[in-house]
Every structure is written in structure tokens, then in C-alpha cells.
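Full structure from sequences and hints, please.
Protein chains: 2
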Amino acid sequence: MTFYQRLRSIQRTNKSLLCIGLDTDINKIPGFLLRSSDPLYEFNRRIIEATHDLVCAYKVNLAFYEAAGEQGWRTVHRTLAAVPAGIVTIGDAKRGDIGNSAESYARALLDDYGFTASTVSPYMGEDSVTPFMKNREQGVFILAVTSNPGAKDFQYLKVRGRPLYETVIMKTRRWNRKRNCGLVVGATRPAELRRVRELTADMPLLIPGIGAQGGDLRSAVRFGCDRRGEMAVINASRSVIYASRGRDFARAARAEAIRLRDDINRYRDSYF
Amino acid sequence: MTFYQRLRSIQRTNKSLLCIGLDTDINKIPGFLLRSSDPLYEFNRRIIEATHDLVCAYKVNLAFYEAAGEQGWRTVHRTLAAVPAGIVTIGDAKRGDIGNSAESYARALLDDYGFTASTVSPYMGEDSVTPFMKNREQGVFILAVTSNPGAKDFQYLKVRGRPLYETVIMKTRRWNRKRNCGLVVGATRPAELRRVRELTADMPLLIPGIGAQGGDLRSAVRFGCDRRGEMAVINASRSVIYASRGRDFARAARAEAIRLRDDINRYRDSYF
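Line by line, the protein sequences are chains A and B.
Following the numbering used here, the numbering of the first sequence begins with 1 at its first residue and continues without gaps.
Following the numbering used here, the numbering of the second sequence begins with 1 at its first residue and continues without gaps.
Quick caveat, the hints were computed from the structure, so don't treat them as lab data.
Hints may be right or wrong, so weigh each one.
One copy or any two copies: either way a pair holds, since identical chains are not told apart in the list.
[What the hints assert, rightly or not] Okay, derived cross-link-like pairs now, BS3-like style, lysine-lysine, Cα gap no bigger than 27 Å in a straight line:
1. K158 / K171
2. K152 / K171
3. K134 / K171
4. K134 / K178
5. K134 / K152
6. K152 / K178
7. K178 / K15
8. K134 / K28
Computed from a prediction, not measured in an experiment: that's the story for all the values here.
Okay, structure coming up:
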């Protein structure tokens, strides 16, 4: 099954465009988990158990696991093993390097960890991103418009009268020979999201910035989906996984995930 | 000691602008090392022992250690412990992320591993790079013009009549409040290197692409150095560390490092 097919299939099966970001921080998880031998995994496992019927994807932010040092690698492996088959897993590492290095990063994410997809930064160009596009079954999301204030420093600079991120999109369309490319567009950028979707037909868009970052959910659905109301992957991290800091954290995460999934589906019903 | 001072000091002490890149690949190191419990470390340790009086810096390409999985983290720690004090260590990870994630990556590289400097990608803008600039004693090299073919995809696009990488440089100058910023400029780009140095006075330039990638050493020295013939950090990886694949690999690496250091110093004598 190609990456696009797999994404569409799980979005239909679970009736959900929601992606939960496992930005799991040792300083934020409930204290009682710290007695476990692998607290980050224990946290992730319970979040996954409580939410896997509500999502199309989990996004694992590698920054948090690298900060855990030696143990981090094992925690990521165990976390991925806890995700039921069929659900997309995104290794959010925003790598960008060349030649042997890009090949190594791609191997680590796609072969060793076995993520379904990864995120990459476009600055170094084609030979820095193609190692992540080798298998039709595994996708790659290229950074286009990000949700942070610094996005304005370079992404909006005018190149032949158009913002730089449009060049990123046009190049990505050209690189998308195996139909496994997607783009990252922040939910805090509704006007740009609309423009990106105009340029990309059915390409998957990974849309972070909902929840803690204050992105607009309605616009994420309205402008992020393809014509069939699919292929937007709407990510929420902290607002879901830290919905409660107590013993009921998994139940609270489930409640928040249901709320988001249902809000998303209500907007889908009204726009598609 | 600030990062700039530290770099200048070791360049003077060792009379060298050479940086050796520890792109250590399990498939390329001599076979007899594979019997060791940590072959990548054993290789690095011997390279460092054989070359530490010839260099100003070692660059550790994290891609190769991540590919080694769980063991990789420990190998990086042990490798850094084998580098004599005073020599600059560069964590070449080209990270680029925001908020908590950028903070986590910076902590992993600068606090946990304890690198003297790191490399970052500029695409996400100011808030993605500032976490790497917090300490005056630790530097950051921001990607400007890279040595690979894909560099042309975005870095050369015209923004107000000038290539995008010039905007990266001007922004980096503005962000350089603690005087610990540098730039990455490929040795395969002599004309651009000259232009970058015109715009940056004494900012350190990390110049990869010598050796296996075919960059021009003479131009790297002539255009990469500041007015005093310093602050260029000229990196060679494969051509040094794999100079021989046999039992004499460390001796062969030393011979190649001497050759490069001396060539660099000859060019310095003729231009500065």
C-alpha cells in the first residue's frame, strides 16, 4: 500500500484527521510514572492505548527522546511497537543534510525505527530530501510554512514576486515522483494554508499548531483538506497529552482527543 | 573564554585551521576493529590520538552515530572525552526546530554531549536558532551556502536582487549579539565564500567539502580566512579518516592531516 493510500485508509477507518504529537517531556509527565524503568515509554503506551481509535497518526518528536540520552533510542522503538498496525507514525526530526549523512538519517528513521513518514527541512535542496522518498510506502513531509514567529525570517521572502514557501511547494511537486511527499504548514497560518492547498491537490498536509500554539481548527479543516475532506493531518500535542497532569492523564487525553476529532468532523461535514 | 577566543587560541596553539570530520561509518572502518565492544569509538580514539596536535577542531556528524542506534549516544560521549581540552568540538546535526524542541536539541548537543559548537539550519528563522546561542562559550554555525548540488534549489534564489544566502548572513549578523555565531559555506563555492567573508569580518566560517567532495583548498584559505588569516575552519572527513583502510589507518590519517595542515599554512603564508 502506498503512503497516500495508507493515510487515506486509516483516516476513513478511524473517521479521524487527528494526529497526536508525543512530545513527551520527563518534566511534564505525572510523577507516579517516574518509578517506572522507562517513564517516557510508560506514558506513551498509556496515551496510545487510550486514543488509538481516535487518530490517523502519532507524531514522535525526536528532540524529546534525544534529550533522554541513551535510553531515548529504546523508548522510541518501544513506543512504535505499541502503535497498532495501520496507524501512520511520523518521525518528526526535521533533518536536512546531504549524501551519506542524509542516507544515514533516513535509514535511522525509516529502517531502524520504522516510521511510516518523516519530516525534513528543505534548505539544502533536492539531494538532501530524496533519501527520505525512496519507498512508496513511506512518506516525507517537507517544511513549507511553519507555525512559529521566525517563519517570517525566510519563508515569506519574495522570490519572483512570490513567497519562498511557494517555491518549496513547486519543487516538492516536482520531486513527488513516487507520490509519497507531503508538506508541513502551521495551523497559525490559515491564509497560507489555503494557498498551499490550492497548489497541491491531494498532497497530505501535516498541520501542527492546534491547541497550545493557538492555531485555528476551523481553518485547518476548511483549507487543509483535499476535495474529499481528507489528507489533512491535524496535529495536537501538549493540549492532548498534558490535558491532566494527574493519575487520570490517559482518560483526560482521550476526552480531549474525542473533542478535537469531533470538532474536526463537524467542520468536515459543513465544508465537504 | 568566549567561543571566538577559544577558536582563535587553538588555531594559534596548533598552528592549524584544519578540522577533521569524524564521519565514522561502521562499513568503512578497518575490519579488525569490529572485534572491539565499541568499534566506532575505538576508531575515533585512535584517529584523535594520531591527529590532535594537527587540528583546531573535530566535527562529529551525528547522522553516523544515530544510525548506530542505542550505542551511538555512548560512542559520542566517549569520543568527546577523548578530545584534549582546548580543541573545539562541533556537533554537526543541522537541527532546525522551534520552542521546546529546539531547546531540547540544544540541550542534548551543548549540555548533555557538551560540544563546543553545533550546526543549525536557518529555514525556520530566529526562534529556531537562538536556543543554540545561549552561552558565549559555545558557538553555532548556521547553514548559508552548502557544498551539495541541491544548494541551488533555494540558497541561490534571488531575494531583492541578491541570493537568499545573503539574507541568511545579514540575519545571522543581527542575531550575533553574544558573538558566538558562525556560518557554514561549502569549499566547492569559492566565489560565494569570498562574498560571505566580505560580509562577515571575523565571523568563523566552517568550510566543508575539501577532499572527497573536491572543494578547492587554496580558495578556502584565501577567501575563508579573516584579515589575520584565521577563523576559517576547514573540514576534511573521508579523505583523512579513510586514508587507509588497513591496520595503519591512524598513521595514514596523520600523514594526510599533516599534508592538509601544511598546504593550508603555505596558502596562509602567501595570502596573509
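Evaluation of the provided hints:
Both within a single protomer and between protomers do K158 and K171 lie at most 27 Å apart by alpha-carbon distance, with minima of 16 Å and 16 Å respectively. When the C-alpha separation of K152 and K171 is checked against a cutoff of 27 Å, the pair qualifies both within a copy, at 20 Å, and between copies, at 12 Å. In this homomeric assembly, K134 and K171 come within 27 Å of each other (Cα to Cα) only inside a single copy, at 17 Å, whereas the closest approach across copies is 35 Å. For the homomeric pair K134 and K178, the shortest alpha-carbon distance inside one copy (8 Å) is at most 27 Å, but the shortest distance between copies (42 Å) is not.
For the homomeric pair K134 and K152, the shortest alpha-carbon distance between copies (22 Å) is at most 27 Å, but the shortest distance inside one copy (31 Å) is not. In this assembly of identical chains, K152 and K178 lie within 27 Å of each other by CA distance solely across copies; the values are 23 Å between and 31 Å within a copy. Only within a single protomer do K178 and K15 lie at most 27 Å apart by alpha-carbon distance; the minimum there is 26 Å, versus 50 Å between protomers. In this assembly of identical chains, the alpha carbons of K134 and K28 lie at most 27 Å apart only when taken from different copies (23 Å versus 37 Å within one copy).
The structure fails none of the hints (numbered hints given earlier).
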